[in-house]
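Whenever a hint applies, use it, and build me the whole structure from the sequences.
Residues 1 to 419 (the numbering used here) make up the sequence shown, in order.
Please keep in mind that the hints were generated in silico from the structure rather than gathered at the bench. Be aware that one or more of the hints could be misleading.
Claimed, not checked - List of simulated lysine-lysine pairs, DSSO-like, C-alpha gap at most 30 Å:
| no. | residue 1 | residue 2 |
| --- | --- | --- |
| 1 | Lys109 | Lys151 |
| 2 | Lys151 | Lys250 |
| 3 | Lys250 | Lys211 |
| 4 | Lys250 | Lys109 |
| 5 | Lys211 | Lys151 |
| 6 | Lys174 | Lys151 |
Unchecked claim - With beta-carbon atoms standing in for the labels, derived distance ranges:
| no. | residue 1 | residue 2 | range |
| --- | --- | --- | --- |
| 7 | His177 | Gly338 | 50 to 60 Å |
| 8 | Asn202 | Asp306 | 17 to 27 Å |
| 9 | Thr129 | Ser279 | 31 to 41 Å |
| 10 | Thr83 | Ala136 | 13 to 23 Å |
| 11 | Ser223 | Asp145 | 23 to 33 Å |
| 12 | Val234 | Pro165 | 27 to 37 Å |
| 13 | Leu352 | Pro140 | 43 to 53 Å |
| 14 | Ala334 | Gly216 | 52 to 62 Å |
| 15 | Ser223 | Ser297 | 23 to 33 Å |
From the three backbone atoms N, C-alpha and C, an ideal C-beta is built for every residue, glycine too.
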Amino acid sequence: MVAAGIGACSDNLESNAACPSLCPGLADSLRDTVVDAVMIDSSVSGFPAIGQEPFLLIGTRGDTLDTRGIIRYDSLPTYYVPTNSPADSAIVGVDSAYLMLRVDTSETKPGAPVTISLYDVDTGNTDSTATDTAVAVLAPLFSPDRLLGSKTFAPESLVDSLRVPLSNDSVYYKLSHGRPLRVGIQVTGTDRAQIRIGTSVNFVPPQLMFKPAPHGDTTGVGSVTLSPMTRTPVGSPLINDLQDYLIVLKGTPNTTAPLLTVGGLPGHRVYLRFNMPSSIVDSSTVVRATLLLMQVSNPLSPDAHDSTTVWPQALLASSAITDLGRALRLLAAAGAIGLDTLERFAPADSGLRQFEMVQLVRAWHTGLTATDPRALALRTALEGESGAEFWFYSSQGPPALRPRIRLTYAPNRSAGGSP
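Here is the structure:
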């Protein structure tokens with residue numbers, strides 16, 4: 001650790017918010033140091049939790065990515081009310097069935113036509129406690145004999161609402177036999193074949209629509225609109241999460257030491273736990289704290305040259321929680337406790353990345369946060385919605401490239417006035 005006096009706050013703190021109040025009495029005693037304070041760093045995958053995705057990134061990107069959407073309609077009506085009669089009528093046929101997808105066009109940028117195909121992915125499992133979410137079970141169900149419908153869209157026709165036709169006979173068979181309609185969504189094409197669709201989490205899920213009458217006999221028959229719902233697994237806290245979710249058949253590449261991974265699919269978060277110098281954090285006034293990370297270029301990432309944001313977030317998990325995966329689910333809101341977001345950059349970029357964490361460091365000292373131990377997480381802003389995967393050197397990397405913290409502080413003065 002090397003400490004050096006700083007002569008002028010305005011020159012060295014770059015208009016830090018704490019500077020004006022500290023400069024009059026502390027400018028001459030400010031010190032600057034860079035410390036290797038990381039005691040634990042690790043990447044953990046599996047974020048967001050299944051069914052917690054605000055959007056589903058569904059696409060096929062050759063050797064780099066293959067993801068599918070699963071939408072459950074486990075409660076199908078068997079009666080309807082005609083528009084010209086108050087009495088219920090039994091549904092004896094289905095016409096004009098389709099799936100309405102709400103698309104995030106800001107992140108859907110194909111360069112060629114894409115085909116959206118819908119498959120029957122009901123496993124037929126009658127065990128009401130089964131989750132039926134295993135990729136090994138669901139992937140084979142995307143087969144030609146289970147195709148429910150498809151449509152090809154030109155790039156300019158990928159608007160915010162897309163209708164994909166469904167087999168009328170298949171929908172009617174499901175509702176008349178009391179079977180759930182579980183739809184698997186696949187997107188294929190020759191270039192950037194992917195779309196992002198809304199989910200139940202953000203209240204714009206795929207909707208099943210049809211007219212509850214045979215073809216040619218729909219006079220006085222309005223459309224039925226159904227949102228996703230699931231009846232299994234009974235008694236499980238997951239039941240609401242499994243209305244619509246993503247499965248990853250081919251994800252972004254895994255890394256090993258000395259690299260930390262943020263983002264990708266499945267999504268990764270980084271856990272960083274610090275052993276901060278007590279002589280500084282607990283016995284000084286910290287006026288600036290900056291986490292320094294060295295990014296490593298990842299040309300293998302999907303959309304490797306598209307910029308996005310990495311968020312640092314404070315952990316709220318206590319030291320009693322030793323499972324890092326569980327701890328990484330207990331985060332303060334993005335931007336809380338004064339944590340700045342890193343500037344936007346691309347997975348293929350490289351170089352020093354840094355963000356300010358002075359308020360978090362002060363909170364560790366004052367006890368204004370439940371964060372214990374002293375730790376934070378890194379995640380992408382589009383976690384689970386983008387394949388962007390970032391690499392950083394870990395504490396096992398070359399010494400000059402490891403995570404570090406730069407601290408600017410003023411030692412507390414004794415009663416006699418000396419620092």
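Practice task
Can you let me know if the beta-carbon spacing of histidine 177 and glycine 338 is within 50 to 60 Å?
Solution key: 58 Å, holds
Problem - Verdict for alanine 334, glycine 216 (Cβ pair) under range 52 to 62 Å - result: Distance hint for alanine 334, glycine 216 holds at roughly 54 Å.
Problem - Whether the CB-CB distance between serine 223 and serine 297 falls inside 23 to 33 Å - result: 51 Å, violated
Exercise for the section: Decide if the proposed pair is consistent with the structure: lysine 174 and lysine 151, CA atoms, cutoff 30 Å inclusive. Expected result: 22 Å, holds
Exercise for the section: Decide if the proposed pair is consistent with the structure: lysine 211 and lysine 151, CA atoms, cutoff 30 Å inclusive. Expected result: 20 Å, holds
Problem - Status of the given 17 to 27 Å range, CB of aspartate 306 versus CB of asparagine 202 - result: 22 Å, holds
Handout entry: Holds or violated: lysine 109 to lysine 151, with C-alpha atoms at most 30 Å apart
Key = With Cα atoms ~17 Å apart, lysine 109 and lysine 151 stay inside 30 Å; holds.
Exercise for the section: Go ahead and decide if the range 43 to 53 Å is satisfied by the Cβ distance of leucine 352 to proline 140. Expected result: Given range 43 to 53 Å: holds, Cβ gap about 46 Å.
Exercise for the section: Given the hint that lysine 250 pairs with lysine 109, test it: the Cα-Cα distance must not exceed 30 Å. Expected result: 20 Å, holds
Practice task
Note whether the CB distance of serine 223 and aspartate 145 lies within 23 to 33 Å or breaks it.
Solution key: Holds, at about 29 Å.
Handout entry: Proposed proximity, lysine 250 with lysine 151 (alpha carbon, max 30 Å)
Key = 23 Å, holds
Practice task
May I ask you to test the hint 27 to 37 Å on the CB atoms belonging to valine 234 and proline 165?
Solution key: 32 Å, holds
Violated hints for the displayed structure, listed by number in ascending order: 3, 9, 10, 15.
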